[in-house]
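Student: As a plain string of letters, each chain reads:
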Amino acid sequence: MSVPILKQGDYLIASVQSELSDADLLKLRDDLVSRVGEFRSRGVIVDVTILDVMDSFATRTLRSMAHMIMLRGAKTVIVGIQPEVAFSMVQLGLKLESVATALDLEEGLALLDSQTKGDTRRG
Amino acid sequence: MAEENCIPINSEIDIVTARQKGRAMAAQLGFSSTELTLIATAISEIARNIVEYAREGEISLSIAHEGDKQGIVVMGCDNGPGIPDIKLAMQDGYSTGKSLGLGLPGAKRLMDEFEIVSEVGRGTKVTMKKWVQNHAR
Amino acid sequence: MKKEKTNEQANKSSAELRQELVDHFREKRELLRQQWVQHMTAKGLLAGLTREDIETESITIYDTCIVCLETGEYDGARTYAMRMAERGVLRGMSTEQIIGGLLTLRDVYGRSLFERYQHDMERLSSALDIYEPVANKILSIVALAFVAEREKIVRQQQEAIRELSTPVLQVRDQMLILPIIGVIDTHRARQLTEQLLRTIRTSRAKVVVIDITGVPGVDSKVANHLVQTVDASQLMGATVIVTGISPEIAQTLVTLGVDLTKMNTVGDLQGGIEEADHLLGYRVVREEPGNGFIHNKKV
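Protein chains in written order, with the working numbering: chain A, 217 to 339; chain B, 4 to 140; chain C, 606 to 904.
Note that these hints are calculated values from the structure, not bench results.
Here the structure is a predicted model, which means the values were calculated and not measured.
Using N, Cα and C, we set each Cβ at its ideal position, and we do this for glycine too.
Do not take every clue at face value.
Said to hold, decoys possible - In silico contact screen, one side only, chain A against chain B (beta carbon under 8 Å); selected entries:
no.	residue
1	S237
2	S272
3	Q307
Chain A with its partners taken away, still in its complex shape:
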């Protein structure tokens, strides 16, 4: 099942609606990386609240996606990682490293607002 991507102002919001297969994840990555340019977005939020498993592949894909989006000139925030999932990820040894995270969509938006404040691309 593919993930719907919404455009809200300068941001793109992708909220995952069901468990994702590897192919779904790769498609989400490709979609977001291309749309960031299309819409000239300054920030991307990926909401993973629904996911009850984030294995090494999912983590790696999200991480590489964030790096690609950064190269395209936008910031990425992953929001909604569940306590159990966060615990399991660190046990597994997985890290998102430089990728920003926030509690939920609301916090993610606030984080992007504060980080893109100085961005004068559109005044």
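Given chain A, put chains B and C in place with the hints provided.
Tutor: Coordinates of chains B and C only, in the frame set by chain A:
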């Protein structure tokens, strides 16, 4: 071992099926929600290993009893190329594929017991167990 | 053929003797039971029990033992031992009291057998062969029940201590404090992390101050747990500040080569809270110097 559940792993979509079935079975055994996530993630990792290196294989789930302990047994089998150096494969960060190299050692950390047998050219068999903690909660 | 016959005979006579013993103990029930109670009182094993308790308990134990001897089945003894262990431990009865009581009963039974068969040594020896394994089995059942009960209680208490010793406190909006006191092992570290992560979710915290002033020592395992807790909190969007790292722990961490570069550390809890305030954009201003002083004095 009363109940047994076998999931053929032929493509990456089966990884999701395997971990969902594993989670459901573990939930019936009374694992906590954190433990359910650990189990599902470990299943995901070994299923992915099958897809990545052997292309096809199977994951079987069963219930284990030991004394008054109860637990889940996850077995992953394939007839793939096998692992020449298990010690090396169990090291963090080692990978011959395109992954992070955390799959097998990571799965081992998530479970209580972990055993791997592999023969080059014949295949690999991973057996992992997790016991239900009988705490007061 | 011949051997079978003698075996059969032996079995038959053994069954007869067993019944004889059972009848003997039933017949002398009142007498032997009273003797038993007297011996126990003399040894001080019945301290803290009421007369009624002594009556009902001694009758039940006496009869249960005879049933075991008669049927060779120990389910009754097992059930009773478990119940007794539960109540005994609750009432603060010591294991010595229970085991001592049973040893006394064994002596009372044994002595009455000596008395009865003292002129027929062979029969006495056969009687003891039947009686002793039963007595020993009952004793081991009771002892095991007590040990199991103790272990259960120890487990429950450990669990309770663990729950108590990891409070996650909210000090301000979006700020949590986790003071860790005592030794951290893998189990506790897991529990602590799980609890912290859940609280971050429910209280929507953005900054967490973990104070380890009360942690006596750190090894590489504990250090890794700490790093994991910090990483997991980060994944949920919360920043962690670690405070109270003692000179010894600082030295250990550096010697172990644990990578703490990504960890926020501040000297003490006060400094940690100040830093957290700063991160959250709070400014704590003292209104008037005098006010606080008087207020504090009143309290």
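Student: Of all the hints numbered above, which does this structure not satisfy? Sort the numbers upward.
Tutor: The structure breaks none of the hints.
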